[in-house]
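> As a plain string of letters, each chain reads:
2 protein chains.
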Amino acid sequence: MIHAKQLRSFTEQIFQAIGCSEADAQLAADVLVSADLRGVDSHGVARLAGYVRLYDHGRLNPTPAISIVHETPSTAVVDGDRGLGLVVGPWAMRVAIEKARVAGTGWVAVRNSNHFGIAGYHALLAAEHDMIGQAMTHAAPLVAPTFSLDKLLGTNPIAVAIPAATEPTFLADFASTAVAYGKLEILQRKGQDIPLGWAQDANGNPTTDANAVKNGGALLPLGSDREHGSHKGYGLGAIVDIFSGVLSGANYGPWVPPFATAGFMQANEGVGSGTGHFFGAMRIDAFRPANDFKQHMDTWIQRFRSAKSIEGQQVLVPGDPERMLEADRLKNGIPVHETVIKTLEELGERFAVKL
Amino acid sequence: MIHAKQLRSFTEQIFQAIGCSEADAQLAADVLVSADLRGVDSHGVARLAGYVRLYDHGRLNPTPAISIVHETPSTAVVDGDRGLGLVVGPWAMRVAIEKARVAGTGWVAVRNSNHFGIAGYHALLAAEHDMIGQAMTHAAPLVAPTFSLDKLLGTNPIAVAIPAATEPTFLADFASTAVAYGKLEILQRKGQDIPLGWAQDANGNPTTDANAVKNGGALLPLGSDREHGSHKGYGLGAIVDIFSGVLSGANYGPWVPPFATAGFMQANEGVGSGTGHFFGAMRIDAFRPANDFKQHMDTWIQRFRSAKSIEGQQVLVPGDPERMLEADRLKNGIPVHETVIKTLEELGERFAVKL
Chain A
774 MIHAKQLRSF TEQIFQAIGC SEADAQLAAD VLVSADLRGV DSHGVARLAG
824 YVRLYDHGRL NPTPAISIVH ETPSTAVVDG DRGLGLVVGP WAMRVAIEKA
874 RVAGTGWVAV RNSNHFGIAG YHALLAAEHD MIGQAMTHAA PLVAPTFSLD
924 KLLGTNPIAV AIPAATEPTF LADFASTAVA YGKLEILQRK GQDIPLGWAQ
974 DANGNPTTDA NAVKNGGALL PLGSDREHGS HKGYGLGAIV DIFSGVLSGA
1024 NYGPWVPPFA TAGFMQANEG VGSGTGHFFG AMRIDAFRPA NDFKQHMDTW
1074 IQRFRSAKSI EGQQVLVPGD PERMLEADRL KNGIPVHETV IKTLEELGER
1124 FAVKL
Chain B
774 MIHAKQLRSF TEQIFQAIGC SEADAQLAAD VLVSADLRGV DSHGVARLAG
824 YVRLYDHGRL NPTPAISIVH ETPSTAVVDG DRGLGLVVGP WAMRVAIEKA
874 RVAGTGWVAV RNSNHFGIAG YHALLAAEHD MIGQAMTHAA PLVAPTFSLD
924 KLLGTNPIAV AIPAATEPTF LADFASTAVA YGKLEILQRK GQDIPLGWAQ
974 DANGNPTTDA NAVKNGGALL PLGSDREHGS HKGYGLGAIV DIFSGVLSGA
1024 NYGPWVPPFA TAGFMQANEG VGSGTGHFFG AMRIDAFRPA NDFKQHMDTW
1074 IQRFRSAKSI EGQQVLVPGD PERMLEADRL KNGIPVHETV IKTLEELGER
1124 FAVKL
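Protein chains in written order, with my numbering: chain A, 774 to 1128; chain B, 774 to 1128.
Simulated from the structure, these hints should not be mistaken for laboratory data. Fair warning: there could be bad hints in the mix.
When chains are identical, the list treats them as one kind, so a pair holds in a single copy or across two.
[Claimed, not checked] As a list, the in silico DSS-like pairs of lysine-lysine whose alpha-carbon atoms are at most 25 Å apart: (1) K1115 / K1104; (2) K963 / K987; (3) K1127 / K1115.
With the sequences and hints as input, model every part of the structure.
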């Protein structure tokens, strides 16, 4: 168990060691550790070594000049200047929030960024201001559209944060696939099979092989197969890709750069600039008085949470499971996996930072 | 086979017979018949008798004074005055489009409306203006959230229309459930089983009974079960419900009124006004030059459509299947089911309109 504070401090020092400013390093560490706190371990400090690899390969600019390249009263396009997505994301979200203050809503498409951590972190930034926050990002292609053998989409998550009055903020934050790739990796390590409906093999057949994606197969869109609506998961992933990539001028589809592998295509091989994201902020009182809205959100949340449930189960509201974990981990510390600890120790040695 | 033109003319006359203006009747008929043309038969003229029933029960105002009740540069709340959703929808979408012209984007939440037909029709209205169109609506509760026995959400569809240059407009238009209820009805009529993953029985168990939803069961969210991501489909349906209902001041969750059954709750039993929708229009050149964007959309579409496919299958782009059907049905007529023909003939007799 490692305390969040320690993990944050270590992460911050590593980001500073590769040249990030103190403020950027603090922010980036906060985004990463918030994933560990919420139980999205795959998007937390487990990725720290990956960001350093991005830096090593010249794909990460630790001192980016993030800028607005185009704007209207309610929109902007932001160029991340190859900065940390963990820093570019909150920067762009602030622009969306400022736009929303004046125009009612703000919508920001980002290009030339890279992995931004958990989408929910960014969406929540707007909720603090009595706004509905939205965040989405595309990612390297691991997912086959319905009937495709080619991997053309990432797990392309969407997060929507909606404030309530006395109830905690509603936070839906989910990939547009049946599962995240991290769930396959866990079963790979255990040498176990995956359920049918998570992945297909190299011939497009349903498979229980946890290594299928590594061996020419693909993750499946939410819905798993055509009969259960995989074309809907594919549609959702496609929308995220187009908003994040085509609208911003980033890459898109199969051209989205991988997170942190060495074989990154050169800019001239792609169809745009780096990785893209899309953010939105809607001021609640641009629609109705914020207090009215938030009281109705309380009613909504209470009604759903008190639904009659299947025996032995509980009906949750989006955001509940992560919030429960966060409360526990803030108190009792974060169980960081030993393989992750090892990568952190290696980073610590390299940059002379103590864990 | 009935020609679209005949079907539109008949439908228009029925709407006029219950008191709609000529322009409203034309528009409403166009929305309904466009569903039949695109193969979404459940949302086409099959519903005409339902709209008349709404009228008979005093839930439909044929001459609504649709109005903007609140607005900012990029947002509005529209009160549909219990008008046809088929008319209120395009009215609200026009507001979104006008907002987008000035502010870059426009977002309109609608209350006090009713069923608006296919979401895709409304989203496409923006695409004609080089804007990305979005339309969503909630509906009467048929869907159980993950682990719930209570039905708290509708099939809550989302449509997103994105224009391209030489390729046809990308149009994703899908319910947030594994399947539409209409698919169960088809198998009910045939006396056949449904696949596991579409519905649960009254105890929350997976079922193959096509009558399960009628007998205390529920439709399942996209993802079907927790292991395959049903909490994501539930999250998506919840977002649609909150945007359509809570943001607009309509009803929400289990309080969304049923489409056309007699037992409609009185206003004071609900938590808001009628049914709600949510629309968005984003001007493409609020982000980047429209021609650049649309050429990249061509590249996107061509890359996805040319993906290597599973043997005997074809990788489609969202909107392709409906467009193919539309081309065929415009040419060869619409195969209207005999039970639907019967309801149309009854309407024809009642209002002295010839089919």
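> Next, verify each hint and record whether it holds.
Structure-based check of each hint:
1. Taking CA atoms no more than 25 Å apart as the test, K1115 paired with K1104 passes inside one copy only; the shortest distance there is 24 Å, against 66 Å between copies.
2. Only within a single protomer do K963 and K987 lie at most 25 Å apart by alpha-carbon distance; the minimum there is 16 Å, versus 43 Å between protomers.
3. With identical chains, the CA atoms of K1127 and K1115 are at most 25 Å apart within one copy only, with a shortest distance of 13 Å there and 79 Å across copies.
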